[in-house]
Amino acid sequence: MSFAQIVLQLAIGLSFGLLLFLLASGFTLTFGLAGFVNLTHGAVFMVSAYVATSFSGGGSFVLAVAAAGVTGIVLSILVYAVSRLRWSKLASDELSQVLLTFGLLLVFAEVARVLWEGVPRSLPEPGFVSGSWDVLGVSFPTYRAFMGAVALLIAGALWWVQERTRFGAMVRAGVDDRDMLEATGVSAGPLFLAVFAISGLLAGLAGGIGAPVMGASMGQEFSVLVLAFVVVVLGGTGNLKGAFIASLAVGLADAFGKALLPTFAEFTMMGLVVVVLAWRPQGIFGGVR
Amino acid sequence: MTSFHLRLRSVRRRSYLGVAVLAAAGMAFAGCGNSAVSSDKSSDNKPIKIGVLLPYTGPFGLYGKPMEAALRARLALDDNAVDGRKVELVFEDEATDPATAVSKANKLLDQDGVSAIVCCATGAATLAVGPILAERHVPQLGPIPNPDGLSKYKTAAVAAPTAGHDAGKLGAYAADQLGYKSAVMVASDFAYGHEVAEAFKQQFTAGGGKIVKEVYAPLGTSDFASYLSQLPDADVVFAGFAGADAIRFVQQYDKFGIKKRMPLIGHGPLLTELVLNQIGPAAEGVGAGFYYSSTLDNAENKRFIDTMKAANDKFVPSHFTAGAWATGSVLLDAIGRAGDKATDGDALAKAIRATKIDAPWGELKFDPATGYAIAPTYYYTAVLNGGVLSHKIVEEMP
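Those protein sequences? They're chains A and B, same order as listed.
Numbering follows the numbering used here, in which position 57 of the first sequence is assigned residue number 57; successive positions increment by one, without gaps.
Numbering follows the numbering used here, in which position 363 of the second sequence is assigned residue number 1363; successive positions increment by one, without gaps.
It should be emphasised that the hints constitute simulated quantities derived from the structure, not laboratory data.
By construction, the Cβ of each residue, glycine as well, lies at the ideal position given by its N, Cα and C atoms.
Hints may contain errors.
As the list claims (entries may be wrong) - Among chain B residues calculated to face chain A with C-beta under 8 Å, some are:
id, residue
1, 1194
2, 1231
3, 1232
4, 1273
What the hints assert, rightly or not - Calculated from the model, a selection of chain B residues having no Cβ within reach of chain A, i.e. all distances over 10 Å:
id, residue
5, 1222
6, 1223
7, 1255
8, 1279
9, 1336
As the list claims (entries may be wrong) - Looking from chain A toward chain B, a few residues come up when the C-beta cut is under 7 Å (computed):
id, residue
10, 139
11, 142
12, 259
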């Protein structure tokens, strides 16, 4: 593999990894804070991507991404509202969570099929980043660099909220010990609602920003969910820093795996999971529980 | 907790009752079906029933409704009748699933008493239903290119050439007419991708071409970037993708600058009307070998598109709907020639294989040995006119 090829694969892997972080960060937050396995996350991504592609007929790109983000928030709050109906049972029982959210995932996917007739769709990239860079004899689409930069910006904002605000401190406290947090007088309910909304927003933005590359299609609800799971397993539940590193690792493993061993491309990512689980079952950055 | 249990129990009791009612109804229906079959033979004015298995749910779910509309529209043109005898269609959902297709096929046979079954749009479902219909001596008619493997059943026929047939023709055409000496093949890593890649390779190498590299990507790959960046230089790249994968592949092929280096050709679904305008300008100049294109200039294609557009102005013609339309023509023609024997499965199957009609892609007849259609195969490229992409037929491939 030539130097130019290595740089190209790095760029492909990092830009995809950053997008993956947007997708997985919301998933890991609800998982870590509320102990809630939200399988609808993949469907939220897909529906948001479909909403974004509805703006492909000359609409503005910013509007498309914003609409995707709003869709994510609405769907995620809907999931929270449905869960609230039987919260006492769901909160402690992961099997019930999986059953409920899997059902909702199927419902969301079916609604998307009816609305968009199951046809795979695309969103054209905005004009100012529609070209390609030619460096060292290889081409790299400008949009992918833009996508990575936007994802990095959102990740930075998320880090700031998590580490520097009172709200972030409450979320972190909730991840570590929810009972203790409630004992100090912080009600977990509104906190959960906010985390669900943020989680949906992140998934929606990922769907919108990713649409010019990945598009929107049926089946995506499962394929992206698997990716989110891999990141959470690698990074440890509720751990944003872990999710960030894990996303980049998965992005790079995917890029180099496809380039070097195309036949085993699906295996490289799962190979990474097996190695990490054997070495640190709680995830690379997961604390001791 | 107790109230929950109580409720659960009452729900259970109600559902037992429901099952009992359903079972009773099912038996009653089965009875009706049988009597309908037996009385069919005594009277020629009874409608002849044709079962149709299409995917309305599952990954292929988007094709069910448009195909049903095309089949209904074709029969409606002939007033749903052949020589004064009504032809009735019974539609069922095969759910893109072979097991569902089998149980629905049995339902059509036992409860509805159909004389033939149109099946299916999904390759695996088509092959799963094949042996059942062969055993019961009921004709099976495939509406779109189905995988090889139905030839062993005398009752089966497919109103389209196999995917491998068209890809093979493209392989020979690429070597002989387009003058390519070397090719890279990239295809979906499942039955369809391997079938078209193998067929292309065989004919391309037979024509003196050389395959430099073969890459198979998993079904549902959304990012082909890393595969693309590793493609070695060759005269041409052959792609075997369909659906969402086709959109992403052609888009990224352009984005990563490979299109400037090597031309791209593929089997029909890579460029079908359903994906073409979602791909966007990246599709311009890409070539494909296939038996159908909506831009084919013939009377039957015009009649097909005009009829469908009159009912629904947003209709997008594709080989799925054109195939359903041609299937309707085959049924009407074969039932007419079978005459009094149309309810005799073996006679109707024979009549179907002997059919020779005009389909939207030209003359349609069947290979009497295999039951697969013999149809012309065209080479076309995607052209951009005023922001809208369409096919430009180059020629019929020899």
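Hint-by-hint comparison with the structure:
1. 1194: Violated: closest Cβ of chain A sits about 12 Å from residue 1194 of chain B, beyond 8 Å.
2. 1231: 10 Å, violated
3. 1232: 12 Å, violated
4. 1273: 11 Å, violated
5. 1222: 4 Å, violated
6. 1223: Residue 1223 of chain B not clear of chain A: closest Cβ-Cβ about 6 Å, inside 10 Å.
7. 1255: 4 Å, violated
8. 1279: 7 Å, violated
9. 1336: At about 35 Å from chain A, residue 1336 of chain B clears the 10 Å cut-off, so the statement holds.
10. 139: It holds, given that the least Cβ distance between residue 139 of chain A and chain B is near 3 Å, below 7 Å.
11. 142: 9 Å, violated
12. 259: 4 Å, holds
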